[in-house]
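Student: In the order they appear, the protein sequences are chains A and B. Yeah, the first sequence ends on 172 if you go by this note's numbering, and it's all consecutive. Yeah, the second sequence ends on 983 if you go by this note's numbering, and it's all consecutive.
For the record, the hints were derived by calculation from the structure and aren't laboratory data. Note that the structure is predicted; figures quoted are calculated from it, not measured. The beta carbon of each residue, even a glycine, is placed where N, CA and C say it ideally should be. You may find that some hints are simply not true.
Taking lysine to aspartate or glutamate pairs in the DMTMM-like style, the calculated list, with each CA pair at most 25 Å apart, reads [said to hold, decoys possible]:
hint, chain 1, residue 1, chain 2, residue 2
1, A, 168, B, 129
2, A, 160, B, 575
3, B, 756, A, 165
Take a look, some chain B residues computed to stay more than 12 Å from chain A by CB distance [unchecked claim]:
hint, residue
4, 192
5, 219
6, 526
7, 766
8, 861
9, 926
10, 951
Chain B regions said to be covered by chain A (calculated; three or more residues, Cβ under 8 Å) [stated by the list, open to error]:
hint, segment
11, 639-647
12, 682-695
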Amino acid sequence: MNLLTSLAIGVLFAAGIYQILRRNLIRAAIGLVLLSNAVNLFLFNVGAYNGTEAAYTTALSQISDPLPQALVLTAIVISAGGFAFVLSLLYVISTRYKTSDSDEVKGLKN
Amino acid sequence: MSGYILLLPFAVLTLGIFLALTLPKRGVFASMPRLGLLLSVFPLSFFILILYASSTIPSGKALTFSIPWIPSLGLYFSLYLDGLSTLFALLVTGIGTLVTIYTGYYFDDSHSSEPKNERRFFAYILLFMTAMLGLVLAGDLITLFLFWEGTSISSFLLISYKYKDETARKGAFKSLFITGGGGIALLAGFIFLINLSGNADFKTILASGDILRASPLYPVFFTLIAFGAFTKSAQFPAHIWLPEAMSAPTPASAFLHSATMVKAGIYLLARLNPAIGNTDLWFWTLSIFGLTTMLVGAYLGFKQNDLKPLLAYSTISQLGVLVALIGQDTEIAFKALVIGILAHALYKSALFMSAGIIDHETGTRDIRKLGGLRKQMPILFGIMGVAALSMAGLPPLFGFLAKETLLASASHPSLPPIVDNLFPLTTVIAGALLLAQAGLLVWGVFLGKPADEKHPPHGHDPKPGFWIAPAIPAVLSLAVGLLPEPAFLANFLADAAKAAYGDKVKVSLALWTGINVPLILSVVAILLGSLIFWQRERIRAWMMNFLPNVTANALFNGTVSGLDSLSRTATRLQGGQLRTYLRVMILSAVALVVLFSGLPGGVFIQNFEWNVEGLNGLRLFSLVLLTAAALVSVIAKRDLHAVIALGITGLGVAVWMALEPSPDVALVQIVVDILATVILILSLSLIPRRLRDRANELLHSRRDMARDAMIAVLAGAVVAGLTFTALNTRPRESVVSPFYAENAKPLTGAKDIVGAVVVDFRGTDTLIEILVFALAGLGIYTLLHYATRKRGERTYEPPDKTLKAHTPLGIQNLPTSPMLHTLAYIMLPLAFMIGIIHMMYGHDQPGDGFTAGVIISLAIAQWYMLFGYYETRRKLFWLNRNNMIVAGLTLALLNAFGGFVFGKGFFAPVDYGKMLGLSLPTGFALTNSFIFEVSIALTVMGAATLILDNLGHPREEDLEAEADLAAIEEAQ
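Using the sequences plus the hints, can you model the full thing?
Tutor: Pasting the structure below:
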C-alpha cells in the first residue's frame with residue numbers, strides 16, 4: 063500500500079512539475095494545483111496512525127491522526143485563496159502583454 | 012535607589028518626539044524658539060536626574076536594571092549606570108539641552124515670509140538623543156548594539172535632512188554605509204564575547220577578562236569589535252564619512268558629529284577595556300590607528316577653508332588621541348582620557364554652534380570670505396575666542412590641562428622603548444597643528460581682513476537665546492581652568508576613569524604642576540604651532556598642491572563601485588525567462604534532497620517493504636482516478652479539458668481522504684476543488700482563447716518537451732522515494748494527537764476532534780487563515796481594478812448596468828436554459844440551509860464554517876454562470892461582499908476577545924447558551940465556537956463572492972483587446 067501511495071504522489075508531483083514548465087500560463091496554474099494536491103496528500107499520509115475510524119471522541123477503535131488532517135485542512139483553504147490570486151495575475155498579464163506565453167513576459171528584464 | 016528610574020528617560024523622550032510632531036502649529040508653540048525651549052526641558056530634567064542618581068551610587072558600584080526580553084534566548088533589556096556611563100550620559104543630556112534650545116533659534120522662521128516646517132528636525136534630534144542615551148546606559152551587549160544601530164540610523168536621517176541636496180544624500184549614504192558596516196562587524200564580535208563569557212551583561216563580561224584574553228579566538232573578536240568602534244569614531248581610513256556628514260544642519264553637527272555619537276566608539280573601547288584590553292594586540296592596534304588618525308586629522312584640518320569641515324577634521328584628530336590613550340592602558344592615560352573627552356566636548360560644541368551662528372548671520376562659512384567681524388559680533392568673538400584657546404591648549408583653559416595630561420601620558424616611561432620617542436613627537440606635531448587651526452579660526456573670522464575687501468561680510472550678534480547655548484560650554488572651559496581644584500569634578504572624573512581602567516585612578520585638576528617633561532613639550536608645541544600659524548599662507552599653499560588627489564575616499568569609492576559592478580554581473584546572469592529560473596530551482600532542490608536526504612545511501616532500500624495491507628477496491632479506484640486524471644490534464648490539447656481533468660484529480664484526492672477515514676478534510680477538499688474549477692473556468696473565459704492556443708502551439712519543440720519531461724520525472728521519482736521512505740520510517744507515536752483526542756470533549760465540548768483542533772485548539776491559526784483568504788479576495792479586487800487600467804486612466808470603473816433587468820446570459824454570453832434557472836432558485840436557499848446546519852453541528856459532525864461558506868458561494872457561483880454578472884448583481888442585491896468580510900473578521904476578533912471577558916483567555920471556550928439559560932435544540936450549543944464558525948462562513952462567503960465577482964465581470968475593453976491582438980498577429 064505504501065508503495066502505491068508514494069507512486070501516486072510521485073506521479074501527481076511529476077505531472078505538476080511538467081505543467082508549470084509549460085509556456086502556456088494557464089497550464090502552469092494547473093500545475094500549481096497539482097503540486098499542492100501532491101503536497102497535501104503527502105502531509106496527510108505521514109500522520110502517526112493509520113486509523114480505522116474517523117477522529118471522533120466517540121470512536122471505539124483506532125482513530126486516524128487528527129493533527130495532519132487539521133493542518134491539511136488549513137493548507138487546502140490557503141492554497142485555494144492563493145490559486146485564485148494567481149489566476150487574476152494571469153489575467154493582468156494577458157491584458158498587459160497581450161500574451162499567455164510565459165516566455166514573452168519579460169517586463170522585469172528591461 | 013531603584014533601577015527603574017533609568018527607564019524614565021526613554022518613556023519621556025518618546026513623549027517629546029510625539030510632542031514635537033503633534034503640537035499645534037499655531038498659538039503658543041507656533042514659534043520654533045519657544046518649541047525648542049519647551050522640548051529642552053526633557054533633556055535638562057534627565058541631566059538633573061542622572062546627576063542625582065549617580066550621586067547615590069557608591070564609587071565603583073553600578074546601578075542596574077533588567078527586564079526579560081526573550082529569556083529563552085538569554086536576551087534581556089538591561090541598563091547600567093556607573094562612573095563611565097554617567098560621564099557620557101551627562102554629556103548627552105547636557106549638550107542635548109543646549110542643542111535643543113539652539114535648534115529652535117537656528118530654525119527660527121518667524122521673520123521669514125515663507126514659514127518652513129522644521130519640526131521634523133526636533134523629532135530626529137530627540138530620537139537620536141534617546142538612542143545615544145540608551146547606548147551609554149545599556150547594561151548588556153545586545154541592548155548596546157540595538158541603540159548603537161539606532162544612533163547610526165538617526166544620524167543618517169539628520170545628515171540627509173536637506174534631502175533635496177545631492178551632497179547631503181551622498182554624505183548620509185556614506186556615513187550609513189561605513190558605520191552600518193561597522194555595526195555588523197560589532198554584532199559578530201559581541202556574539203563571540205557572549206558565547207565565551209556565557210552571558211551578555213556587563214557584570215559577567217567585565218569579570219571574565221582572563222577567559223577572553225586567553226581565548227584563541229581573541230584576535231578574531233578583537234578585530235571585529237575594533238572595526239566597529241573605529242568606523243563609528245571615524246578612525247583613519249574610515250574617517251572619510253565625518254567631513255561629509257557636515258551637510259547636516261549645524262545643530263546636528265554640534266551634537267552628533269563632535270560631542271556625542273562619534274564618541275560612541277571611544278565609549279565602547281573604554282567600557283570593554285577591563286575585559287579585552289591590556290594585551291599587545293590591543294596596544295599596537297589602538298596606538299597605530301589612533302596616532303595615525305591624530306596626525307591625518309590635524310594635517311587635513313589645516314587645509315580647509317570651510318569652518319565646519321575644519322572643525323570636523325580637528326574632531327577626527329581628537330578622536331585619534333582618545334583611541335591611542337585607551338590603547339596605552341596606564342593610569343595616567345585614563346586620566347588623560349576622561350579629561351580629554353570632557354574638554355573636547357565643551358570647546359568643540361561651543362565652536363560648532365558658533366560656526367552655525369556665523370553661517371546663519373553672514374550667510375557664509377568660508378574663512379576666505381570672512382574677516383574683521385570682531386566689532387560687529389563682539390559677544391560671539393568672546394565665545395569663540397575662549398573655545399578656540401581651549402582647543403589650542405593654552406593656559407588657563409581646560410584644554411591646556413587636557414594637553415598636559417596627554418603629553419604626560421605620551422612621554423610616560425611605561426611605553427615600549429621602540430616608540431618612546433615617536434609618541435611624544437607625533438603628539439607635539441599634532442598639538443602644534445591644532446593650535447595653528449584654532450588661530451586660523453579666530454583670525455580668519457574676527458581679526459584678519461576678508462580677501463575681497465569691497466564686499467566685507469555683514470552680521471551682528473544674534474538674540475541672547477541663540478548665543479547662550481555656545482556660551483555655556485565656553486564659559487565652563489574657562490571656569491574649570493580658573494577655579495581652584497573643583498573637588499567634586501575631580502572625583503567624578505576619577506570614577507569614570509576607574510570604570511574604564513578597572514582600577515583606581517587619581518585625577519587632579521591643578522594647572523600648575525611644576526616644570527616637568529609635559530610642560531616643556533607643551534611649550535615646544537606652542538612655539539611650533541605659532542611658527543606654523545605665522546607661515547600659514549605658505550604652508551597652506553604648499554598643502555593644497557601636495558598630493559591633492561590621494562584620499563581614503565578612493566578606498567570607499569572602490570568598494571562601492573565594486574559592489575555595483577558585482578550586482579551588474581549578477582543581473583546579467585538573469586535571462587528573464589521564468590521557465591529557466593524554474594528549471595534551475597527545481598533541479599537544485601532535487602540535487603539538495605538527493606545529497607542530504609540519504610536516499611541514494613540505501614535508506615530507501617533498507618526500508619523497502621512490499622505489502623498491500625489496507626488496499627481495497629475503493630482505494631485502488633481513487634489512486635487510479637487521480638493519477639489518470641493528472642496525466643490527462645497534461646496530455647489534453649484544449650485548456651478546458653485540462654481544467655476538467657484537474658477537477659477530477661481533486662475529487663480523486665477527496666475520495667482518498669474520505670477513505671483514511673477523514674470526513675472533514677474530504678468534505679473541504681470536494682467543495683474547494685469545485686470552487687477552484689469554477690474560478691479556473693471563469694478565468695479561462697477572461698483570457699482570449701487565441702492567446703492560449705498560440706502559447707500551447709509554441710511549446711512543440713521536441714527537445715524542449717523531452718527535457719521538461721525528464722526534469723518532471725526526476726522530481727517525481729525523488730518525491731516518490733521520499734514519500735515511501737517517510738511512510739515506512741515515520742514515528743508511530745504522536746505527542747500531540749493524543750492530547751487533542753483526550754481533551755476535545757472535556758475542554759471544547761466537541762465530538763469532532765479535527766473540528767476542535769481547527770476552531771478551538773488552533774483558533775488563532777484559523778483566524779489568520781480566513782484573514783489570508785479575505786486578503787486574497789481583496790488582492791484580486793485591487794489587481795483587476797488598478798493593474799489592468801490603461802495609461803492615463805484613473806481607475807477601471809465599468810459603467811453601472813446593475814440596476815436594469817438583463818436577459819440572463821451565461822459564460823461567453825450564451826443564453827441559458829430556464830430549467831437551469833429554476834434549479835438555481837432552489838439551490839441557493841438549500842445551500843444556505845446546508846451551510847447553517849454545518850455551522851450549528853460542526854462540532855459533532857463533519858463540516859465547519861469554512862465548508863458552509865464555500866457551499867453557499869458555490870450556489871452563488873451557479874447564479875453567475877447561469878444569469879451573468881449584471882443580472883446576478885441585480886437579483887442578489889443584498890449580497891454585499893465587503894460588508895461580509897468586515898463583519899466576519901470583526902465578529903471573529905470580538906468573539907476571540909469574548910474568551911478574555913467571559914472565559915479564561917483569548918479564544919477560550921465559552922458557552923453563551925448555558926450562561927443565558929437558553930433552551931436550545933438537542934445537539935446544538937450556543938458557544939463561541941459556533942460564533943467563530945459563523946464569522947468564518949461570513950468571511951469566506953464575502954471573499955469568494957469578491958473573487959467570483961471580479962473574475963466573472965464582463966470586460967468592456969475585450970473587443971478592443973481582440974482588435975489589438977489581430978493587429979499584432981498580422982504584423983508577425
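Student: Now look at each hint and say whether the structure bears it out.
Tutor: Results of checking the hints against the structure:
1. Pair hint residue 168 (chain A) plus residue 129 (chain B) does not hold up; C-alpha atoms about 44 Å apart against a cutoff of 25 Å.
2. Distance hint between residue 160 (chain A) and residue 575 (chain B) is unfulfilled; the C-alpha atoms sit about 34 Å from each other, more than 25 Å.
3. Distance restraint check for residue 756 (chain B) and residue 165 (chain A): the Cα-Cα separation of roughly 55 Å exceeds the 25 Å cut-off, and the hinted pair is therefore not satisfied.
4. The claim that residue 192 (chain B) is not at the interface with chain A holds, since no C-beta of that chain comes within 12 Å of its own (minimum 29 Å).
5. Separation of residue 219 (chain B) from chain A is adequate, the least Cβ-Cβ distance of about 45 Å exceeding the 12 Å criterion.
6. The claim that residue 526 (chain B) is not at the interface with chain A holds, since no C-beta of that chain comes within 12 Å of its own (minimum 76 Å).
7. The beta carbon of residue 766 (chain B) sits about 9 Å from the closest Cβ of chain A, which is not more than 12 Å, so the claim that it is off the interface is violated.
8. Separation of residue 861 (chain B) from chain A is inadequate, the least Cβ-Cβ distance of about 6 Å not exceeding the 12 Å criterion.
9. Its beta-carbon lying about 23 Å from the closest one in chain A, residue 926 (chain B) satisfies the requirement of being farther than 12 Å from that chain.
10. Residue placement check: residue 951 (chain B) does not keep its beta carbon more than 12 Å from all beta carbons of chain A (closest about 8 Å).
11. Counting residues of the segment 639-647 of chain B whose CB falls under 8 Å from any CB of chain A gives 4; the rule of at least 3 is met.
12. Given a C-beta distance limit of less than 8 Å, the hint that chain A covers the segment 682-695 of chain B holds, as 7 residues qualify and 3 suffice.
Hints 1, 2, 3, 7, 8, 10, counting from the list given before, are not met by this structure.
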